[in-house]
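S.K.: These protein sequence lines are chains A and B, in that order.
Under this note's numbering, residue 299 is the last one in the first sequence; the count climbs by one each step, no gaps.
Under this note's numbering, residue 307 is the last one in the second sequence; the count climbs by one each step, no gaps.
Because the hints were derived from the structure by calculation, they are not lab data.
Below, in silico cross-link-like pairs of lysine-lysine (DSSO-like), each with a Cα-Cα straight-line distance of 30 Å or less:
(1) A:Lys-107 to B:Lys-295
(2) B:Lys-55 to A:Lys-135
(3) B:Lys-219 to B:Lys-295
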Amino acid sequence: MKRLYKKQNFGSLGIIHFTLILLALVCILPLLFVISISFSEESDLIKNGYSIFPRTFSLAAYKMILENSEQLVRSYLVSIFISVVGSISALTISSMIAYVMTRKDFKASRMITFLIFFPMLFQAGLVPFYIYVVKFLRLKNTLAILIIPYLVTPWLVLLLKGYMSQIPKSIIESSWMEGASELTIFIRVIVPMSKSALATVGLFYLLQYWNDWWLSLLFISDDSMQPLQLLLQRILSNAEFLRSSLFQSASGVAVDISKLPGDTARMATALLVAGPILIVFPFFQRYLVRGITVGSIKG
Amino acid sequence: MSFLATKRKDSLIDRRGLWLLAIPALVITILMQYMPLPGLIIAFKNYNYGLGMWKSTWSGFSNFKYLFSTDIAARITFNTISWNLIFIVLTHTVAISVALLLNEVSRKAVKFYQTIYFFPFFLSWVIAAYLGLALFNGDKGILNSILNTLGREGIIWYAKPEVWKGILPIAHLWKQFGYVAVIYYTALIGLNPQLYEAAMLEGANRWQMAYRISVPQLKQLVVILVMMDIGRIFRSDFGLFYQFTRNSSMLYPVTDVIDTYVYRALLTLGDPGMAAAAGLYQSLVALVLVLVTNKIVTKVDSESRVF
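The shape of chain B in the complex, shown without the other chains:
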């Protein structure tokens, strides 16, 4: 064994062995997560691909000034936060309701339903976009066929921002609710059966048991999950807004969120400085949000803390 391995009785540690196990992950993390950090200065530069990030000229806060003096920051922030709030409320409400319903049927039936509810979660947003296309395609889509049969004119779905105010929440719900419902259902079946037995003896009916016992018992879990979602409220599901909408520019008033703006500013508009400024703004606010919500989660349940 090496000199690093101290095989004394009070510290049963082979340090070299542990470092060996740790190093691959540390190297990857440093390489992928920490090394890009200096690149944040791009937000304060007039970035020029030829000159690179160190030699490009400083621009001070002008990228941020531009973002916040035009309506860009306000619009993408509003879209990001309001969409996430709608998604959070909708997903958790539906998921809890589904979990309560699942709790009423046999385990075998639960397995069947769970498999189906789960499957959208396993599809990528690219595949989901194909499913969307089948529904929303301009002249041939299923929805327009239905509208036509009803004697109404078809809608050019990918060019009408208003209709996506309804489509986006449904698409998000479709992909996520099974996942969240499973979490709530698992919590429900873990509840103490004596609670229900006592309620039964006192003559409570199914609804009363669901509302008086199940829901209050879930409260802590709801707070934790919702808080975790709120911690991520400044980030959005890029796939939903980019792939599922087929990146249709006509929909931007409704679909443009911080992540899609950063992506577009970087790769389409060719303005890395602006993109980096928007990205840094997002990262900083997200950091504060995660710290605050993590604090709340820790208060609710110390076992759920990460940091």
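Chain A with its partners taken away, still in its complex shape:
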């Protein structure tokens, strides 16, 4: 019935679309600039600066990166490993605890809920955490410290809990009557019924792990373990880092560094890192939107 009031003259609709398109441009223009720079010729950038549309076209930067980039491939592998292992474990652990929270008939569930959500209220903060990880757990320069801290992310657990508590109790009870154990109920009943919530939360975890630079900034100094985001950050803060470390010829033959693409390669590297997210996310948007709306309103 909402169609009824959706009638309006073309003039105001035009203005609305114009405004919305303008906003859309603001959103994506910076990305288009980066793409344009990455396909430019280095010498042109040095002479004339960046431009909105490429004045020249060159694939030199991409060629350079793909030919000499042991470090980039390594970082890719690290990021993929962390994202896959991290999000699968996080999703498993979080959905398990979320289900326990929905079992109000289980006496300990209130206390468990409080224990998991209390950190949303009060945290030790960076300094105690940092010193604890470095001096007590001794997890500096390990892949584990890039995964463990995000395994139980309270607001995502909350999202799962909200969804699972809508599953009728009678279904659980009837499985009980048939003699199923809690583990069986969880795997056979709860998980299949929460598929869309699991997809949403899984994507959020994936995004969190893929985009994370915070943990690696704190705990990774070993080049062989730096994920993509940390590699990018180092390249950003030190333009020479790209030329010297990324393109250090593996065979030990000295490369004439000054001839290597600089700015173009920097932007190209950024795009190669952002690429997977940019390509994948429109397809999963539906799930993410649901997560955001449900999470914030019901959260």
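Use these hints to put chain B onto chain A, whose structure you have.
M.R.: Just chain B now, kept in the frame of chain A:
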């Protein structure tokens, strides 16, 4: 089954099974969130890496005294709160306006716009910093090129704190507004269509319907979301202030917030005691704020409560 599993009719609970499901998350949470808590005493110590946190000498409140007697606490607190207030007002105003506009176009168009508005949200601040660099780079950036074409001198963006008073809100808005707009839009399409039909019959036009029906209907959601943001007003988006500004020290007068100060004091200045003191100050104020705002949110809508 084990002896713990009580399969009586009145309590259909397999306790062992439930504990089994709960334990991994409990262990992780205790390990990552609770075990570091004793480390808070570092705020009251002259921390020495060699001696460790237990053996370092006590310093009483001297770390806090230093923070509050110099201008450090005042400056980082002011920056954190004022930036967050600006972000809250700006983001919600723009997001609500966008949601109202989206509500006027077809669902298909909404999908298209939503995809684009959403994409900055999915980029990390590190990638965003590259986009920033394309715009603000000293001698080659797009903005300076434009200024030059206009016959004006380029600006050394990463060395000029004043210009970041404008850049930071825009960057924050750019990354966040799509996310918040989606929340408001979803609320709008959930409104009762009869409200609009009645208004139409009485001859209301589009603007009147937006202002007299849509906006008031959103009021509760606005209060909830804004309150949640105010609960977090003492924390800031570290990535925006650290990565997006490329941690340029010339910009600190404008960009230094509590989180960046704590990070720097710990890892650059090598003063864990001071960093811990600033961190504890932040955690305590944040706790009070969350409790107060949560109370308000609960009053507005009991379903949104967390605690």
